[in-house]
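Visitor: The lines below spell out each chain.
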Amino acid sequence: MMLLIWLVMTLFFLSSSISYELTTKTEHMPDIILTQTKAGREGFVDEKIVDHILEIEGVSRAYAYIKAPYQFKEDISFTIFGVDPFEEIDDPFIAHLLERYNLESGSMLVSHDVKELMKKAYYTKEFNFIRPDGSLKRVQIAKEFDTKNAPHYRWLIVMSKEDARDILGLAGSEATNIAIDVANKLETPLIAAKLKEYYPNAKVVTKKEQKLLYEQSFNFYSGTFLILFSITLLTFFIIIYDRLSGMSSEERREIGILKAIGWRIEDVLGAKFYEAFFIAVFSYIAGVSIAYLYVFYLKAPLLGNIFLHDAFLQTQQFSLAPHIEFFYLFLVFLLVVPLYFAAVIIPAWRVATLDADEVMR
Amino acid sequence: MIRLEGVTKEYAGGVYALREIDLELREGELVVLKGVSGSGKSTILSLIAGLSKPSKGRVVVDGKEISRLPDHFCATFRRDNIGIIFQKYNLIADLSVAENILLPLYPANLPKGELQKRLKQLLETFHIEDKQESLVKSLSGGQQQRVAIARAKINHPKIILADEPTANLDEKLSREFIEILKNLKSQNRTIIIATHDPLFFDLDFVDRYITLQHGKIVDDNT
Amino acid sequence: MITPEIITITVLDVLFFIFGSVGFFIALKIIFFYDVKATTQRQYALEKQSYLSATIIKFLLFFKTISFFFFVYTLNKLSLFLPGAMCAAGVVNALSSGTALLLLKILNLYIFAFWIVLHNEDMEYEQQPYLKAKFVFYSVAYLLLVTEIALELNFFYSLDPSSVVDCCGAIFSTTDGSYLASLLAVDFSYQLSVFYLLYGLIVLFYLLKNRYLFAVINLLFVIAALITLISFFGTYIYELPTHHCPFCMLQADYYYIGYFLYLFLFLGTFNGISVGILAFKKEKELAKFRYALFFNTLYLLCVSYFPLAYYLKNGMWL
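Residue numbers (this note's numbering), protein chains in the order written: chain A, 1 to 361; chain B, 1 to 222; chain C, 1 to 318.
Treat the hints loosely; a few may be bogus.
Here are the simulated BS3-like cross-link-like pairs (lysine-lysine), alpha carbons at most 30 angstroms apart as the crow flies [unchecked claim]:
hint	chain 1	residue 1	chain 2	residue 2
1	C	Lys-77	B	Lys-64
2	B	Lys-112	C	Lys-77
3	C	Lys-281	B	Lys-64
4	C	Lys-37	B	Lys-158
5	B	Lys-112	C	Lys-37
6	A	Lys-208	C	Lys-77
Derived by calculation from the structure, the hints in this document are not laboratory data.
Start from the sequences and build out the full structure, keeping to the hints where you can.
Guide: This is the structure we're talking about:
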């Protein structure tokens, strides 16, 4: 019973923490992000179209940036963020970084974790990136920054656009995304539609759509997990039922005694459900607590990997900051407790309605 | 006070525990039911206690036709009026002496003070005050017997039923029991004892001896 | 749409259906074969089964009540996925069966609660006068339960996140041609007079202890209360003359006041209606009268507080 609750609760802590992270991530996204597709795949966008976009009525700001993964090892990729330090950036974290530190061509700002990893590879003041054609590009490490408050930027590297283009193999004015801000937020769908018209090959995603996408794919994913768990639940149900159905002769005798001394059927049932209630509540609290510790302190070894093994999220490591959503606590409660009680009903009733005259013999 | 009218009790498989029994017991009587095992003594007790219902006939106790009462009324009636002493004491081994004695009254929701008062009284009467918190399984045979009797008295019953109360006792404890019985008799309760222990067969304070054989009354001696 | 919430609701519904059906079969057997005078094995078995049925129904009521809150929470959560919906009201209106589902769920709560009251009353008497009646009643309740489950599953599995729905501003507007709109368009003073008048009648029949009229008035009162809550009082809770949603007041922004209001209203009217249906023993009946009056009064005071507070604070009505 506890095991079951623990499993399900882990699931929910994971999912709620991650979705919370995603939400915070998308908070500061620009209103619209435009990317290009070529032959159905994600391609590059030409920076020059920014001028054209700025001409659209209602657009308050538009700029191109580069955001792409750079493979460091098999299981870790850095996120390279190429910006123009003189352009205003939506993301407050990055904007703040640029304010504090001077970004020059040929140098970069790296996160603490990136710095550590580079240090392990014996790179302390600079790093050699490998271009797509195999040649090396050296970039100085200007400063490192702390990502405690922005866990989704754990592997972030900020550098100039030119350097990013150089490393990633982009041409002179190419970028990966164009960020567009809209003056009147209500007009966002309208402007997104216009953009789609002008650039039929482009993928235009509004902030709202992106949020929804994340949440939906996420929910669906955990939904399939839940189906699996429903099956587990059912199995548990059958096991509990089976176990409770078998009455020891000792128990039979004790119930007989109780009835002989004047306990009504309701009293016996009451006692049984009281017992069930305590077991259920206790397992619930224990299961939830253990799950909490498992996910947020131990960082969910094993199960976490199974769960996060999906490329769509584009980030590999989640820092799993403690985040509890009351709704999910409620949900797990409702999923498990009624089932447990239901499994107890018939066995409890059978016990309570035993004929007590046997005890006289 | 207690009446069985045309009572027949049949069990599955065509076994008749009682056949057409007619019996009337007065208030305050101490009655001993004699007969070998299977003669139907225990069944009569069980019917009077409302623990089972007859296949035919009626059982009336203190004016109430308990054979017709739904279970919850029956149980409440039993709780309020009847105390039972079982053959094997039938105490709950993992509970303490106090808990065992108070057990019949738990669902009654009496005020705590009242419960404690009654408990204290009984512990004193049976000289087991010092064992109040001990688990029943740690007590001797004689002590357990006294706990069982205390339990049968906690609800101030009008009727006390005892089914083979001395079956598992040695002679000394059996005689002790008979002494306690004398005491109970003086409190004007109706007491019915089912036994085949010869120690009971010629007691002067017993009002009536009823002999059963194959589910029928063959002798009724006052 | 498959989300964890919907799966939970599905699991619960399946559970309710299974156990409700067991209770139903027992109920049928009892209706047809129960005979107090019989001393047969079958009769004894039926007597035992009646306890099982009662236990199942108590189980259903208990968890249905909790799952009702969960239902409302889920509606709120789903409003994030359905474009256009800003709270549960939009979700309910996403499908035509939504309102019916909600009303049925509320009705079933009243009905199951009443069954428990009937059962407890029945157990007070040795002859168990309501025994067969209560199982006939349960059979009806069972059919309603099955309908509710079917509607609920159909509702949740038919929700389409790609079709746009109205938000509560549109649903509860007074300019729409719908039935609801015409109700809301009725002049405030008229609605409020009916509401307060009904309350006055409740007090009157409380004093006269006329249980039939008391019950009827309570029934009317709950209807009037809901209507005035949506059209008038709600707007003062939100301090917005166009905000008529009955769900938004359940959210944290309004300190969950909605839960209290609905709870008081339910407790008051439930007690009020049940005195009319059964003849209780004197003390019990009196107690029910009192509860009804108490909770209805509490509801009235709470709900009247908002417009009055607003007026006192701002010197004018919305």
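Visitor: Confirm or reject each hint.
Guide: Okay, the hints, checked on the actual structure:
1. C/Lys-77 to B/Lys-64: Given pair C/Lys-77, B/Lys-64 is violated - Cα atoms ~59 angstroms apart, limit 30 angstroms.
2. B/Lys-112 to C/Lys-77: Cα-Cα ~48 angstroms, so violated.
3. C/Lys-281 to B/Lys-64: holds (22 angstroms)
4. C/Lys-37 to B/Lys-158: holds (28 angstroms)
5. B/Lys-112 to C/Lys-37: Status violated; Cα separation ~40 angstroms.
6. A/Lys-208 to C/Lys-77: With a Cα-Cα distance of about 16 angstroms, the restraint between A/Lys-208 and C/Lys-77 holds, given a limit of 30 angstroms.
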